[in-house]
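K.L.:
Sequence:
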Amino acid sequence: MRLGRTARIALRTAAGLGFAVIYVPLVLVLLNSLNPDRSAGWPPPGLTGRWWSVAAHNPGVRQALWVSVKAGLGATAIALVLGTLLAFAVARYRFFGRDTVSFLVVLPIALPGIVTGIALNSAFGTVLEPLGVGLGLFTVIVGHATFCVVVVFNNVVARLRRTAGSYEEAAQDLGASGWRAFVDVTFPLVRSALLAGALLAFALSFDEIVVTTFTAGPGVQTLPLWIFDNMARPRQAPVVNVVAAVLVLLSVIPVYLAQRLSADTATSSRV
1 MRLGRTARIA
11 LRTAAGLGFA
21 VIYVPLVLVL
31 LNSLNPDRSA
41 GWPPPGLTGR
51 WWSVAAHNPG
61 VRQALWVSVK
71 AGLGATAIAL
81 VLGTLLAFAV
91 ARYRFFGRDT
101 VSFLVVLPIA
111 LPGIVTGIAL
121 NSAFGTVLEP
131 LGVGLGLFTV
141 IVGHATFCVV
151 VVFNNVVARL
161 RRTAGSYEEA
171 AQDLGASGWR
181 AFVDVTFPLV
191 RSALLAGALL
201 AFALSFDEIV
211 VTTFTAGPGV
221 QTLPLWIFDN
231 MARPRQAPVV
241 NVVAAVLVLL
251 SVIPVYLAQR
261 LSADTATSSR
271 V
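For the sequence shown, the numbering used here assigns the number 1 to the initial residue and increments by one for each residue that follows.
These aren't lab readings, by the way, just hints derived from the structure by calculation.
Each hint should be verified, as a subset may be incorrect.
Across the chosen pairs, the derived CB separations fall in these ranges [claimed, not checked]:
#	residue 1	residue 2	range
1	Arg5	Gly217	20 to 26 Å
2	Ala158	Val248	25 to 31 Å
3	Ser53	Leu73	23 to 29 Å
4	Phe182	Pro36	16 to 22 Å
5	Ser177	Val210	41 to 47 Å
6	Arg94	Pro59	50 to 56 Å
7	Tyr23	Arg191	52 to 58 Å
8	Pro130	Ala14	53 to 59 Å
9	Arg8	Val210	37 to 43 Å
10	Asp184	Ser53	48 to 54 Å
11	Arg260	Ala7	30 to 36 Å
12	Arg94	Ser53	55 to 61 Å
A virtual CB, placed ideally from N, CA and C, is assigned to each residue, including glycine.
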């Protein structure tokens, strides 16, 4: 379809405005992290890396970063196991309620975070507290895993639906066991989808704040929670900008890598 000159200009203008709304605030956060003044005045009188050094030596920031990493890795591990098993069940087998299972797996990503957080908080209080397990890092990991499973499931199930099951059947016809066929044939075909799903799951967990607010116990503070708690402290504003910039950068990297993996795999399949 060919567009007229006016339509092309209108589309480019709309796209430019959309990107500006999304990315200009992020650029401002990065610039404010280099602002030598404590106030977020504009334009900044100069640039400095002083606040980055202050943030790097801040024990609260370092502890929050480590908690975020542990929560992200734990949620990603759970999501990889459950998401992959569910994807194979839905894509490779026919059973009663298969569409319902697929819908229920995807549903958590569409629910408002505050609804999921309240539901998990109530469930943990009802089930875990009588067993002596209170809110803490474990409940944060479980809470994050509820929506991280979705991205792993979607990536793997999409790959399996594009991959014929005859490959595995051919391997078994040649004498391979079910496990050997999976290791030698199926796993190499879905490996990049698993990696892309894991990267996206980690990125989702790393910057999650709503569900974390309802599932983190006393003393458990992720990087987004640290930012939220320190935003109202004027003297912490430069460090908050630095931590926010780091959070953006650490979230962008896995998303970019996942996108590259998906693009490379799509190109290879066409070839």
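K.L.:
All hints, please: hold or fail.
P.N.:
Outcome of the hint check:
no. : hint                        : in the structure
1   : Arg5 / Gly217: 20 to 26 Å   : violated (60 Å)
2   : Ala158 / Val248: 25 to 31 Å : holds (27 Å)
3   : Ser53 / Leu73: 23 to 29 Å   : holds (27 Å)
4   : Phe182 / Pro36: 16 to 22 Å  : violated (57 Å)
5   : Ser177 / Val210: 41 to 47 Å : holds (45 Å)
6   : Arg94 / Pro59: 50 to 56 Å   : holds (55 Å)
7   : Tyr23 / Arg191: 52 to 58 Å  : violated (32 Å)
8   : Pro130 / Ala14: 53 to 59 Å  : holds (55 Å)
9   : Arg8 / Val210: 37 to 43 Å   : holds (39 Å)
10  : Asp184 / Ser53: 48 to 54 Å  : holds (50 Å)
11  : Arg260 / Ala7: 30 to 36 Å   : holds (31 Å)
12  : Arg94 / Ser53: 55 to 61 Å   : holds (59 Å)
Going through the hint list in order, the structure does not satisfy hints 1, 4 and 7.
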